Amino acid sequence: GSKTGEGDDTGGVTADTSGDTVKVGLLNSLSGTMAISEVTVRDAIMLAVEEINAAGGVLGKKLAPVGEDGGSDWPTFAEKAEKLIKVDRVAAVFGCWTSASRKAVKPVFEENKALLFYPVQYEGLEQSPYIFYTGATTNQQIVPGLDYLKAQGKKSVYLVGSDYVFPRTANKIIKAYAEANGLKVLGEDYAPLGSTEFGTIVNKVKASKAEAVFNTLNGDSNVAFFKEYKSAGLTAAAMPVVSVSIAEEEVKSIGTQYLSGQLTAWNYYQTTTGAANDKFVKAYKAKFGADKPTSDPMEAAYVSVYLWKAMVEKAGSFDVEKVKGAADGVTFEAPEGLVTIDGATQHIHKTARIGKIGDDGLITEVWNSGSPVKPDPYLKGYPWASGLS
Amino acid sequence: MTVILGQLFTGVSIGAVLLLIALGLALTFGQMNVINMAHGEFIMAGAYTTYVLQQTVTDAGLSLLVALPVAFAVAGAMGVLLEWALIRRLYTRPLDTLLVTWGVSLMLQQLARDVFGAPNVQTKAPDILTESTSLGTDLSIANSRLFILGLVVLAVAALTAALRFTPLGRRIRAVVQNRDLAAVSGIATGRVDRLTFFIGSGLAGVAGVALTLLGPIGPTMGTNIIIDAFLVVVVGGIGQLKGSVIVAFVLGMLQAMVEYLTTLSVAKVIVFVAIVAFLQWRPQGLFTLRTRSLA
Amino acid sequence: MTNLSPRTRVWLGFGLGAVVLFAAAPALLTDFRLSLLAKYLCFAIVAVGIGLAWGRGGLLTLGQGVFFGLGGYAMAMHLKLADAGEGNMPDFMELYGQLDELPAWWAPFANPVFALAATVLLPMLVAFGLGSLVFRRRVRGAYFAILSQALAAAMVILLIGQQGTTGGTNGLTDIEGFFGYDLDDPVNQRMVYFIIAGVLLALLALTRQLMHSRYGELLVAVRDSENRVRFLGYNPANVKLVAYVVAAGMAGLAGALFVPAVGIISPALIGIVPSIEFVIGVAVGGRAALLGPVLGAVAVAWAKTALSERFPGTWTYLQGAMFVLVVAFLPGGLASLWGMVRRRRERQPDATVPADGDRVLVQEVAA
Amino acid sequence: MLRIEGVHAGYGRSSVLHGVDVTVEDGTVAAVLGHNGAGKSTLLRVAIGLLKPKQGMVLFGGEDVTRLAPHVRVARGMAYVPQGQQCFPHLTTAENLQLVADGRRGGRQAMASALELFPALHGLLRRRAGLLSGGQRQQLAIARALITRPKLLLLDEPTEGIQPNVVAEIEQAVLSLAGDGLSVLLVEQHLGFALRAAHRYHVLESGRVTSSGAGGTGAEPAVRAALTV
Amino acid sequence: MSETAGGLRIRGLRVVFDGFVAVDGVDLDVEPGDIRFLIGPNGAGKTTLVDAVTGLVKATGSARFGEQELLGRDVHRVARLGVGRTFQTAALFEELTVLQNLDIAAGAGRSPWTMLRRRGTVPDDVAQALETIGLTGRRDVLAGTLAHGQKQWLEIGMLLVQNARLLLLDEPVAGMSHEEREATGELLGKVASDRTVVVIEHDMDFLRRFARTVTVLHAGKVLSEGTVAQVQADPKVQEVYLGHTADAVAQGAEA
Ligand SMILES: Nc1ncnc2c1ncn2[C@@H]1O[C@H](COP(=O)(O)OP(=O)(O)OP(=O)(O)O)[C@@H](O)[C@H]1O
Ligand SMILES: Nc1ncnc2c1ncn2[C@@H]1O[C@H](COP(=O)(O)OP(=O)(O)OP(=O)(O)O)[C@@H](O)[C@H]1O
Ligand SMILES: NC(N)=O
Ligand SMILES: [Mg+2]
Ligand SMILES: [Mg+2]
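Chains as they are written, first to last, in my numbering: chain A, 8 to 396; chain B, 8 to 302; chain C, 54 to 420; chain D, 19 to 247; chain E, 143 to 397.
I should point out that these hints are in silico values taken from the structure, not numbers from a laboratory.
It is possible that part of the hints are untrue.
What the hints assert, rightly or not - The calculated label-pair distances, taken between Cβ atoms and stated as ranges, are:
| hint | chain 1 | residue 1 | chain 2 | residue 2 | range |
| --- | --- | --- | --- | --- | --- |
| 1 | B | P76 | D | K72 | 41 to 49 Å |
| 2 | C | G182 | A | S324 | 58 to 66 Å |
| 3 | D | K72 | C | A374 | 31 to 39 Å |
| 4 | B | F172 | C | R395 | 27 to 35 Å |
| 5 | C | D238 | B | A84 | 56 to 64 Å |
| 6 | A | A187 | C | F364 | 26 to 34 Å |
| 7 | B | A84 | E | T278 | 55 to 63 Å |
| 8 | C | S185 | D | R21 | 55 to 63 Å |
Stated by the list, open to error - Mimicking EDC-like on lysine to aspartate or glutamate, the simulated pairs with C-alpha atoms at most 16 Å apart in a straight line are:
| hint | chain 1 | residue 1 | chain 2 | residue 2 |
| --- | --- | --- | --- | --- |
| 9 | D | K70 | B | D187 |
| 10 | A | K120 | C | D238 |
| 11 | D | K72 | D | D39 |
| 12 | A | K182 | A | D154 |
| 13 | E | K200 | E | D166 |
| 14 | A | K157 | A | E186 |
| 15 | B | K131 | A | D366 |
| 16 | E | K200 | E | E236 |
| 17 | A | K157 | A | E218 |
| 18 | E | K363 | E | D169 |
| 19 | A | K120 | A | D326 |
| 20 | B | K131 | A | D95 |
| 21 | A | K120 | C | E362 |
| 22 | A | K216 | B | D187 |
| 23 | A | K191 | A | E218 |
| 24 | E | K332 | E | E273 |
| 25 | A | K68 | A | E57 |
| 26 | A | K30 | C | D237 |
| 27 | A | K30 | A | E117 |
| 28 | A | K120 | A | E218 |
| 29 | D | K70 | D | D82 |
The structure presented is a predicted model; accordingly, all values stated were derived computationally and were not measured.
From the three backbone atoms N, C-alpha and C, an ideal C-beta is built for every residue, glycine too.
Pulled out of the complex, with its shape left as it was, chain A reads as follows:
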């Protein structure tokens, strides 16, 4: 028979909301290669939790965060997710970065009917009933990035990415887009995650004489790539790089020396205007240091906690099914602007923004979509994407 408190025979686990606090799970890599990025996400979640507690909590209960280290190792993510759900009986989990870690925990959340809030832009083509996606899906980031290049009159691109599911899937989408939009894809190269030797890839890029590069490299590799890129004499003016995984934090660690003038596609920048962002940036810097930049995934993580709060309050309950039921149409005045949950896909409406990296390390918006873009994880609204899924 099953043990008390840990699961019932229907496979679902009810969160423990009996006390005057309610536990929430934080699941990020604090060690290993991905710690670089995920630690900042953890910080942003903690900021939101503290703000919410300071403002009285959720349904009158304070949030008690339980942190776990995924260790940049996907099976560990799964183990820790299960622990948070079954042992700590958290009401919701916030975290994961790489798609691989999300794929690893997905069955755990589905099996136990528990909630995960996933804050990072990703490759789409997914819709788990127990995951809320607060980062961009492809039509909110990659497609606008391509649209922008096209509008700039670029006729050819070279694709460079890390060797895993997000870049490979993103590039598949890009190629479909390119074919339909008269853009030539002159080459496609992948480097293993963490790889720092880009001599050959940059040589190939240079020899291809492409008019732009679309970059889906993740983490450390970006540093090596951009250093190599500049050393090879390639410039933002002649061959701009559009990156979808470089945010302010990464800019800081690569060095503006190498990045100045390059482009990024995101939904949020530290420089995004608005009162909500001023407050967010100020609070973040006050807590973690004036030199710490805020970035898109951090913002999405921060927002995810507030969205969950809003859903719970709308449902009047921590019960997962009720919270899910209340999701559609929940809004939040986020640092990136107003976001709204799309109940059908459990993604959110987000404004797409193209930014240019400045000499000061900040990214300034050069284009935006004007209004939040409706999430379309399977790109059903894009005829050229019909063969993709």
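Starting from the structure of chain A, add chains B, C, D and E with the ligands where the hints point.
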């Protein structure tokens, strides 16, 4: 054609980086049989040294030059500490050094994370090293890579001279080959071990400074390249500096050429297959010292 | 204990193990903890093989993840195909592979008998191939260790590069059934646990037999002086090959059992880091003793879970320190503590010269 | 020159020496004789410091060196030729010698005179020592010990594996060195050689000195008797 | 191997190391039942000759044992033809016991099935060898802890149980005391009755006591061959090897 030339240079430069990292290993692994998995973290220490120095010495060029000796000393000191605290207990079980230093490497990575933060940090390279030298119409060569090539040549020359022609070199080799006999021949084996480890680890520090020109400076920067560097020493023939030199450049070239024709992943796998095939032909590496002992 | 015959002690030991694994653990642990234990026991199975190859044979294999992975993927491929149902492709393939039909090398894994056999035979075959090449050419010691490590690295790169057919970095996830049993059901999870525990005990018995056989002695002889063995008319390559292949088979079986227990197999489980962790478990437990590797593997995996839960910020230090301290200062591993305690009681001053460290180690472990 | 007093020593839990006293007077040769496994080599390992005694002490030139590391003892003037033709296999013959001569005043000269004693080594200077024949290695080992111009020489079966005419030369060398004031502690199986060279002999049986006496060929019957019981 | 195996017949054996000729065209015949001593100055090529015959180093020429050519075979295949050797510096399995060392030496021909089982009792030949080499009392100690001389005895014991028909012994009594040499010599005499034995030695006392025939190598070539007396009287041998020492002269007069 220019692409081919460019790739040739890329190969040479991959080789140079490999060699720079392998050079310290050629001492600690090649000469002393210590499989130091924390070598990568000594590289990291060298890189962070550059970063810390730049907080005070703001001129990029000057700080880079100062960083070279300072990083050598810092990483070297870490090596000495490691040798003194742990390695010296393990000379009779060389394979165990791998496991112990693996634990050390985990701790050093976490230490870096706690001291400098998990995100990468950045150093400013002197402008000249972020640019390239143009050779002919379309071919240009990254100055940073030229700098590293120069550094490697220097380091190899210095190390070769030290090993081949100084008493220290003889002692280092003698101590590894027969520790007891060295002791009774009047050699202070402990001191020689520490000195060797100092130099080997110091070279890792120098490699760390150089790597700030090419890649990220972060807690895990050392782990990626370290296996390749070990392979260089193995394939070169343990204890054979010239073997490491040749193999580093050959592997670099092979990697660059295959990668150009295929992909980075395929290139890495092919390099591995080539290594296994090579060891079929020369099981003890490119250069070997045979003895008549049966062990 | 001391006045029992060795044979009685062995039976007692196995009996005790069986009671702990089959009665005590299921009674005392929650489903979640029991499923973690199942996972640790899979690592323990790998460790038993490493204990044989490394502890006895001196083959420091830093690439056991490869064999674990081969077994795991073979099993996962079958389960994915079974989940998808006859004639269908696994979900991820349709998503990322955009293949029109199942790749030919996947097809045979639809057959359960083939897949089950493959989980053990495939790793053994690969080990046989690689081992024949490498041992015959007398690649050994650090060369072998680093080569086997590179093998793990290469395997990971290869898997990641073939996302469409291997699931890439993600690996094969979301495995729902196990030969018709629904893995979501805690009862079936328990069944998987019992299978794993049973396999572990059986393999321990097998390994004990091997270690104490003449072959076991010969293996130690080869470790100590390969060339000398040659002059007695043996081919040491074959002697090593047996240990290596057996260890690979065990790792494969462990990987296969890991899949239903944990529900995922991915490159992250088979690369350099997990492969080293396998070996560290063995070192921590005691490489040359029979039970040392098992205890070590479970202890290290358990410590990883427990420390990272309890001290999320600092557990890496603790983990690193554990590896360092045990390997550096307790070369016989935890298994040698017993002998040391006994020695302390005898109050014998210990004036071992360092050069004899290894010799002392073996005496301790043999004691 | 050397006094070993009440030394108990062994390996791990097994004891090999049980209270051994041996003295080498200045400028004399003392021989230690005994069966295989009696503990002769163990005694020399204690004397040079490779093995720490569990009890007892080692005095060299009046100084207690029991706690000093081997290389410090060598610096004080001890030298040791271990049993078993040991060398640094990957160093050349020349380097094996040079290693010891390095940084030593008169090292170059000492090397030359050591080579004079073993002319066979001349042609082998550039060959790696690991490739030498057993006898060549043994000659190298003795030469290496002599380069330090020691005050006390510990020789563990120096003639093992050496051709007869060279044995004779070694014998001459040992005698002439002793004449020049060198003290020698000699472990030998070759009785003729040992007794001709030794001023005193000690018979070691199972870790204990069971008989001692003055050297010289005349002692042979007594030693043989001591050894057969 | 067959009991009728003939003697050792070496023709034109040549071993070259990087240009250095260590063995330079040696012809050598050793009849079954003979105890042939191989002597010569240090570095003459004696060990190398044995290395070549046992497959450890590459050589040209021919070395036949009975019907079988030995050159060009792997070490373990040569061993399976009944050729056993000892080493100048003892090579044992230091971390196995004396008994285990012998058992392994006795077992190269065992079936896989036997290998996978435990050693039940001490095999007769092993027990007998233990007795012969006087290590019965120490059969359960680790070989690594034996004294130098005991190790050499164990090595001989391993050859006995290996049932080698051709024994190549490289300085088997080096480091042994006088009595032990005697005993070893007598042992050799016994085992030689149905085997072919080649002994490398520098101990002239031992040679005089136990050699049946002697070959002298010098600089890789055969310098002299014959009975003990013939060889000792050969001025060339005295010149390069024996010298005119007290020992040699005294013994020479005796002979
Ligand atoms: N490293 C070691 N570990 C354990 N025991 C050892 C070790 N070395 C020697 N012994 C044991 O110590 C005893 C004395 O050995 P030692 O080498 O001193 O003898 P010895 O008199 O020199 O003999 P020989 O004439 O054969 O050289 C032997 O019984 C041997 O088994
Ligand atoms: N691999 C090798 N490379 C170069 N020279 C070698 C090699 N092996 C042996 N020699 C040389 O060949 C010669 C013969 O050596 P070998 O060991 O056969 O002599 P030996 O007759 O056994 O001498 P000893 O009586 O000293 O044992 C020696 O000069 C030795 O230095
Ligand atoms: N979803 C990502 N960026 O892996
Ligand atoms: Mg001795
Ligand atoms: Mg010889």
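Structure-based check of all given hints:
Distance hint for P76(B) and K72(D): a CB-CB separation of about 48 Å, consistent with the stated range 41 to 49 Å. The given range of 58 to 66 Å is respected by G182(C) and S324(A), whose C-beta atoms sit roughly 59 Å from each other. Our hint of 31 to 39 Å for K72(D) and A374(C) holds, since their Cβ atoms are close to 33 Å apart. A hinted range of 27 to 35 Å is violated for the C-beta pair F172(B) and R395(C), which are about 53 Å apart.
In this structure the hint that D238(C) and A84(B) lie 56 to 64 Å apart at CB holds, the actual value being about 58 Å. Range check, A187(A) to F364(C): about 53 Å between beta-carbon atoms, so the 26 to 34 Å window is missed. Roughly 57 Å separates the CB atoms of A84(B) and T278(E), a value that falls within the hinted 55 to 63 Å. Distance hint for S185(C) and R21(D): a CB-CB separation of about 60 Å, consistent with the stated range 55 to 63 Å.
Taking the CA atoms of K70(D) and D187(B), the gap is about 13 Å. The hint holds against a cut of 16 Å. Restraint check for K120(A) and D238(C): the C-alpha separation of about 14 Å stays at or below 16 Å, so the hint holds. Proximity of K72(D) to D39(D) is assessed by CA-CA distance (about 14 Å); at most 16 Å being required, the pair is judged to hold. Under the criterion of a C-alpha separation no larger than 16 Å, the hint pairing K182(A) with D154(A) is consistent with the structure, at around 13 Å.
Straight-line distance between C-alpha atoms of K200(E) and D166(E) comes to about 13 Å, which keeps the hinted pair within the 16 Å bound. Taken as a hint, the K157(A) and E186(A) pair is honoured in the structure, with Cα atoms around 12 Å apart against an allowance of 16 Å. Proximity of K131(B) to D366(A) is assessed by CA-CA distance (about 13 Å); at most 16 Å being required, the pair is judged to hold. With a C-alpha separation of about 28 Å, the suggested pairing of K200(E) with E236(E) is violated against the 16 Å cut-off.
Restraint check for K157(A) and E218(A): the C-alpha separation of about 11 Å stays at or below 16 Å, so the hint holds. A C-alpha spacing of about 9 Å is found between K363(E) and D169(E), which places the hinted pair at or below 16 Å, so the restraint holds. With a C-alpha separation of about 10 Å, the suggested pair K120(A) and D326(A) falls inside the 16 Å cut-off, and the hint holds. With a C-alpha separation of about 46 Å, the suggested pair K131(B) and D95(A) falls outside the 16 Å cut-off, and the hint is violated.
For a cut-off of 16 Å, the pair hint linking K120(A) to E362(C) is broken: about 22 Å separates their Cα positions. The hinted pair formed by K216(A) and D187(B) fails the criterion: a straight-line CA distance of about 63 Å is larger than 16 Å. Taking the CA atoms of K191(A) and E218(A), the gap is near 10 Å; set against the 16 Å cutoff, the hint holds. The hinted pair formed by K332(E) and E273(E) meets the criterion: a straight-line CA distance of about 14 Å does not exceed 16 Å.
Restraint check: the Cα-Cα separation between K68(A) and E57(A) comes to about 13 Å, which is no more than 16 Å; the hinted pair holds. Simply put, K30(A) and D237(C) have alpha-carbon atoms about 24 Å apart, too far for the 16 Å limit, and the pair is violated. Among the hinted pairs, K30(A) with E117(A) is inconsistent with the structure: their alpha-carbon atoms are about 19 Å apart, more than 16 Å. Distance restraint check for K120(A) and E218(A): the Cα-Cα separation of roughly 47 Å exceeds the 16 Å cut-off, and the hinted pair is therefore not satisfied.
Proximity of K70(D) to D82(D) is assessed by CA-CA distance (about 13 Å); at most 16 Å being required, the pair is judged to hold.
Going down the numbered hints, you'll see the structure goes against 4, 6, 16, 20, 21, 22, 26, 27, 28, while the others check out.
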